[in-house]
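One-letter residues, chain by chain:
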Amino acid sequence: MFDILQSIVPTALFYSAPLIFTALGGVFSERSGVVNIGLEGLMVMGAFVGIVFNLTFADVLGAWTPWVSIIAATVVGAIFSIVHAVASITFRSDQTISGVAINMLALGLGVYLTKLWYGKGQTDMVQQPFYTTDIPLLSEIPIIGPIFFQGVYVTSYLAIIIAFIAWYVLYKTSFGLRLRAVGEHPMAADTNGINVYKMRYIGVILSGALGGLGGSVFALTIVSNFSHSTIVGQGFMALAAVIFGKWHPLGAMGAALFFGLAQSLSVVSAGVPLLADVPQVYLLIAPYVLTILALAGFIGRAEAPKASGIPYIKGNR
Amino acid sequence: MEYVIEMLNIRKEFPGIIANDNITIQLKKGEIHALLGENGAGKSTLMNVLFGLYQPEKGEIRVNGKKENITSPNKANDLGIGMVHQHFMLVESFTVTQNIVLGKEPRKKTGTIDIDKARKEIQELSDRYGLRVDPDAKISDISVGMQQRVEILKTLYRGAEVLIFDEPTAVLTPQEIKELIEILKSLTREGKSIILITHKLKEIMEVCDTCTIIRKGKGIGTVKVAETNPIELASLMVGREVNFKTEKKVAEPKENVLEIENLYVKDSRKVDLVKGLDLNIRAGEIVGIAGVDGNGQSELIESITGLRKARSGVIKLNNKDITNLSPRKITESGVGHIPEDRHRFGLVLDYSIGENIVLQTYYKKPYSKVKILNYKEIFNKAEQLIKEYDVRTPSVYTKARALSGGNQQKAIIGREVDRSPDLLIAAQPTRGLDVGAIEFIHKKLIEERDKGKAVLLVSFELDEILNVSDRIAVMFDGKVVAIVNPEETNEQELGMLMAGSKVNGMGEANGK
Amino acid sequence: ACGTSSSDKNTDKKDSASGSEAEVKDFGIAMVTDQGGVDDKSFNQSAWEGLQEFGEANGLTKGNGIDFAQSNGQADFMPNITRLVRDEYDVILATGFLLKEDIQKAAKQFPDSNFAIVDETVDAPNAASLGFAEHQGSFLVGVAAAHKSETGKLGFVGGIDSPLIQKFEAGFIAGAKSVNPDITVDVQYAEHFSDAAKGKLIASNMYDNGIDVIYHAAGGTGNGVFNQAKDIKQNDPERQIWVIGVDRDQHEEGQIGDNNVTLTSMVKRVDVAVKELANLAKDGKFPGGEKLEFGIEEDGIAVTTTNEEAMTEDIIKSVDEWQEKILNGEVEVPKTREELEAFEESL
Amino acid sequence: MANKRLITFLIPIISVILGLIAGAIIMLVSGYNPIVGYTALWNGAFGDSYTIGETVRRTTPYILTGLSIAFAFRSGLFNIGAEGQVIVGWLAAIWVGLAVDAPMIIHLPLAILASVAAGALWSFVPGILKAKLGVHEVIVTIMMNYIALFSANEIIRSVLTDGATTTEPISATASLASPWLQSITFYSRMHYGILIALFAAVIMWFIIERTTLGYELKAVGYNKHASKYAGMNVSKNIVLTMVISGGFAGLAGAMEGLGTYGTISVMSGNINIGFDGIAVALLGANNPFAVVFAAFLFGALKEGAGEMPTGAGVPTELVDIIIALIIFFVASSYIIRWALLRFKKGEK
Ligand SMILES: Nc1ncnc2c1ncn2[C@@H]1O[C@H](COP(=O)(O)OP(=O)(O)OP(=O)(O)O)[C@@H](O)[C@H]1O
Ligand SMILES: Nc1ncnc2c1ncn2[C@@H]1O[C@H](COP(=O)(O)OP(=O)(O)OP(=O)(O)O)[C@@H](O)[C@H]1O
Ligand SMILES: [Mg+2]
Ligand SMILES: [Mg+2]
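Protein chains in written order, with our numbering: chain A, 247 to 563; chain B, 36 to 547; chain C, 341 to 687; chain D, 222 to 569.
There's no promise every hint is true.
Far from chain D by the CB rule (all over 12 Å, computed), these chain B residues [said to hold, decoys possible]: (1) N44; (2) R97; (3) K155; (4) S178; (5) E337; (6) V349; (7) D356.
Only part of the chain D face toward chain C is listed, based on derived beta-carbon distances under 8 Å [to be verified]: (8) E275; (9) L331; (10) T387; (11) Y408; (12) Y413; (13) R431; (14) T432; (15) K445; (16) K449; (17) Y482; (18) N507; (19) N508; (20) T531.
With a Cα cut of at most 20 Å, we get these calculated SDA-like pairs of lysine to any residue [stated by the list, open to error]: (21) B:K416 - D:E430; (22) C:K402 - A:G365; (23) B:K404 - D:F267; (24) B:K235 - B:P265; (25) B:K173 - B:F123; (26) B:K351 - B:N291; (27) C:K615 - C:N398; (28) C:K493 - A:G365; (29) B:K355 - D:E430.
To be clear, the hints were calculated from the coordinates, so they are not data collected in a lab.
Yeah, the Cβ is synthetic: ideal placement off N, Cα and C, and Gly gets one too.
Kindly generate the complete structure, drawing on both the sequences and the hints.
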């Protein structure tokens, strides 16, 4: 049991971390009233920037490279998401359309630039990815230490910490109150003197930053290079986590951890003798079936922020 | 003469319509100034201009004599102008406190909202003006009256000196209206100035000092309330004489159309709100239900119309059991329903007027055959009804969303009455409507009665209940506690019954 | 006609500059990539390198006797093949089993052109099939793995469960068991050729369970395997943990600081096969309807020894011995799971 | 009024032009010749009868997935699951194509129906969960995509074949392929499916705009409460919408299975026809006929892109960038509309 946990938990954590970051981005955006189908694209952009930056500056930055790379990816993700913000907030475009365009644009741009810069469809492997470590002190705790704090990526804990920060920001600060108000009832917020457009821009840009972060963490902990198939569906899983988690930062985190755990379990089960005779396809689809069952059984109805998806037009009723 | 607010020659256009055409209104300090006009006259628009939500095409706004350009609600707030909107601007999932401080939150050093400080400030304000609220309750859990008090507190919290009320009483029960009027008075005592939009002439007469009247976007004039009377106000507003006392013959009730026995219905929180209710309505009579909000009226109607399941009991229509049938089956057995919440239930706002006109009948001939719609018939019908019911709309192809509340309501009434149901249920049918429209709707209800239909009228307006009903059923705590004859009762007595106290000899009456 | 002749107006114009020179040559060969470009550091790249070498030897250049058309997905295969047919290349080569159906169809539709496919079998008189004896190479890396393993536990990570990948699996297991019959091989398929996360999950689980050498035949999914191995190595440079690469020398992927986790790679010399085919075709000996298998004997398969530290003399010696046994027919390497079963019983 | 119509018509055209201009700028900046690039693109899509045939072929499933997603959108539902529905539709069509022995007049319709039924069944799950339990259809459809992918692979391997990765070709009696269409398009894979796709667009238009069902579906999409009040069965409508939407997507699978490939192969990851359908639906503003045009634009650009690396050395991804930009421009029609009106005023 202990062994299994020690094997499952760290893998679930590394699998979940990029999803957590990105899903938190989704939470910010959707809480501000802007649907963000473009999470996948934001992750692609993050992965691309994270890898390219890492390849380019590894010699200069040494061991700091992955950290600086994910910061670069965060910044570029934030800037990139402004496209979505301008389209869906200022130009009042349908937010879903804009998000779909973001997905296509990011992948197109990423692979196009890769080919332009590297002359091939995929980059080399980075020399400075993230590595797992034992978290000092915490890993010494008996039982809990080895399971949760040995051989883990610091980025996984960064994701969890940011989830709590996101919760604090959204639910305890006036910024959060305003952001949520804008997503629930923008006109009420407007009449209260809150700049709806500004808040929504912030929401979307945060999603870009976190999506970029998620993508780069994925690339630098799991894949190590960039190609058209680096990010294949993780953004949609993050979107699912947003909804699964009922648009709540901790809920989204929980959902992402659930996905990671389910994947990890499905891999571990394949090695368990008892399950050896189970056709592999059942293990493969198990995480997805479990998600549906969990939704149907316990989670049930989830209501999106009331105004999400609706462009705010001043003075419209 | 010093004015706190002057709006001079304001013009505001919307695509295809001039909502405000050269309107002037001047507000003195400490006065309550009424703004009167038919539905769609442009009152809300004018006030939204003052509040910075719209920019006028022409005209000038002065605050305390100084010309101001009010570009946003923020600016309005800064100038001490606050507004309580017709549709509340409250975030449903937030608490009272959160709604009030939103945008101007007291913060701790850490950036966290200082909720305790907020609560204290709100408490002070609420004590000072008598605005009773529960600071920690969620908006979705509190009564409409309290929501309104939250709106008022929001403006006061922002230091408003001028308060605009857009039809504040339309959604309130008589008790709540009384409280609101007290609040308005206490506000002026504290030196605030108020602009009050209302369709209820009685209220204008009771609390207002002056009244500006607008008709079809144009300013008609300003009168001192002390020097006028309701009849004059009404005719100024509508441009013709208005009848206040609804003319009607004595009812000639016939056989029972609706019979309800021992009905129990739960509300959305799974608590019984209708508790053993008995009621019957006969052909050719209007039964009015009087009651304080929350005594089971909405649940009663929803269970008759099939929108909510009855827990037990029997509902019979023309001697046929319709308990817990589907809404469609019930409609087809002869029930028409003018719903309380017209935006939520009455209309598909993104459908055209024409498509909304057949919301209950689209699947029937001639509007469709073998499941295929016949738009020609649909729009013909719509043309006919908008004429007959005086629905003011650019065309039958216009989206319902674009119409003013009064006109939306007229379209619904046209749709429901036109089907000629045996039982017509009208829930708050005149809420938010101008006197002209109210008169029209009352006339229609009585016409239906005279055609031998049964009408169930639910209203918080005791005036309306007393005026239109042939019998009044008083609802209290989920039961009909009294049946009274409108000729033999008055508002005071009804008010007592609604509050649950029995009046000699009438408590057990049942009309059967 | 050197690939770009009359039919296509556009390319015609483009090539007219070099046209005079090109007219002399009368042979053209072009390839269609499977998903990915000729720079995928794998199959497509290797094939293109073969063509380029062939071109160099015969004075042909890109767009002028040799060329490639890149496919980004299944939907691009047929258009690319047809485009090259219309450009009148003599031989159209498809790299990858994914193109099987399309080449089969094209061969029927264009009986005057010659086709070839790498990694699959196509049945047509004007099509050649270039196969590899992956099982042989896998056998040899299995031998190396068995020698290297200290725990006696090996892992195999497959991309998509299919006859082709099963060939790798069977060969690998056979090789390992030939050295040490008690060795165990844990086999898992990611059901994906580009799901690095899945690859990493599987590798993590395998290494946790004491497996110390993993052979992957899983394309991009294998990135996750390398990633996990390197992570373990980074944290514990002393720990003996290995990956065996596939298709090409994946030494570079295994580099971590001064260490390298790539034990060896099972290399498919697509370039060798392609060059051979091109030469045959040029000499008018196009092997239509035939299935050429490139194994150890033909230099179509190789086991790398780039990691000199890891591939010790002993191991190399043993690998060479087994290679000899395969060459002289002493050992018949199994290609399927059934054959593997029989093979294991015979041990 | 006529003016408004003109603008509505102009917007997509202007968007495409702007998208192409942006693409040209990108090519210039990255050192390619845009004229050569676009010539290659054009030749790749419409250069000759073959490429035209291939463009049509590529357009065919896009029309159907576009319709599928548009249909769901009209009822306020977001079907991200077209991807999975295409896969199961494809699988079912091939299955029937392989397993049944019947004359064409029975076999082909049967295979097509099977694909529709499979797609419908696949979307029934998210439909019923949404209707009965309020589970968000977006997550369920995403999950169903993965389930479809893995299950289909397993069925191909262990049911339709004996461990192989590609099935045998279906018998000719179930094939939509047309030797005649192929012969006039230099052996492109154009097939009769395009007629089915166009017909499906008409069907969708008819359902949405002319039937009581469409009236109900739209009403439920706009306002559930009012629909319930009007006696409509909201749950039934949600399920029905999803099922019809899935049916269209399943049919798209039949286009690939019965028309283009005649087989089904084990898939590694997304086939993207479903995801691209989202863009097609949105580009076509959920209007069935506009969806056809959007699908055609999409198909032509994607098909033409194949020629760009060989013809001009430009990476194919440029086309993805252009498509994305076109979508942005269409989506931001408000700003184009505004600019056009300004322009008009300036003229006066
Ligand atoms: N945002 C808008 N866009 C277009 N037309 C509008 C808009 N707001 C209001 N109108 C139109 O302007 C006119 C005035 O509307 P307004 O809401 O000011 O009326 P009102 O006097 O407040 O009516 P009521 O008593 O029903 O509230 C109406 O014809 C209405 O349809
Ligand atoms: N109740 C309060 N107690 C203490 N400080 C306050 C309080 N309200 C506002 N502040 C401070 O006064 C300043 C202006 O407050 P205000 O609420 O207008 O913020 P704001 O300028 O609207 O914020 P933003 O520009 O981010 O929307 C801020 O620095 C804020 O921290
Ligand atoms: Mg502010
Ligand atoms: Mg109004």
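Comparing the hints with the structure gives:
no.	hint	in the structure
1	N44	holds (25 Å)
2	R97	holds (32 Å)
3	K155	holds (39 Å)
4	S178	holds (21 Å)
5	E337	violated (10 Å)
6	V349	holds (21 Å)
7	D356	holds (18 Å)
8	E275	holds (5 Å)
9	L331	violated (23 Å)
10	T387	holds (6 Å)
11	Y408	holds (5 Å)
12	Y413	violated (17 Å)
13	R431	violated (34 Å)
14	T432	violated (34 Å)
15	K445	violated (38 Å)
16	K449	violated (44 Å)
17	Y482	holds (7 Å)
18	N507	violated (25 Å)
19	N508	violated (26 Å)
20	T531	holds (6 Å)
21	B:K416 - D:E430	holds (18 Å)
22	C:K402 - A:G365	holds (16 Å)
23	B:K404 - D:F267	violated (45 Å)
24	B:K235 - B:P265	holds (9 Å)
25	B:K173 - B:F123	holds (14 Å)
26	B:K351 - B:N291	holds (9 Å)
27	C:K615 - C:N398	holds (11 Å)
28	C:K493 - A:G365	violated (40 Å)
29	B:K355 - D:E430	violated (37 Å)
Hints 5, 9, 12, 13, 14, 15, 16, 18, 19, 23, 28 and 29 from the earlier list are contradicted by this structure; the remaining hints agree with it.
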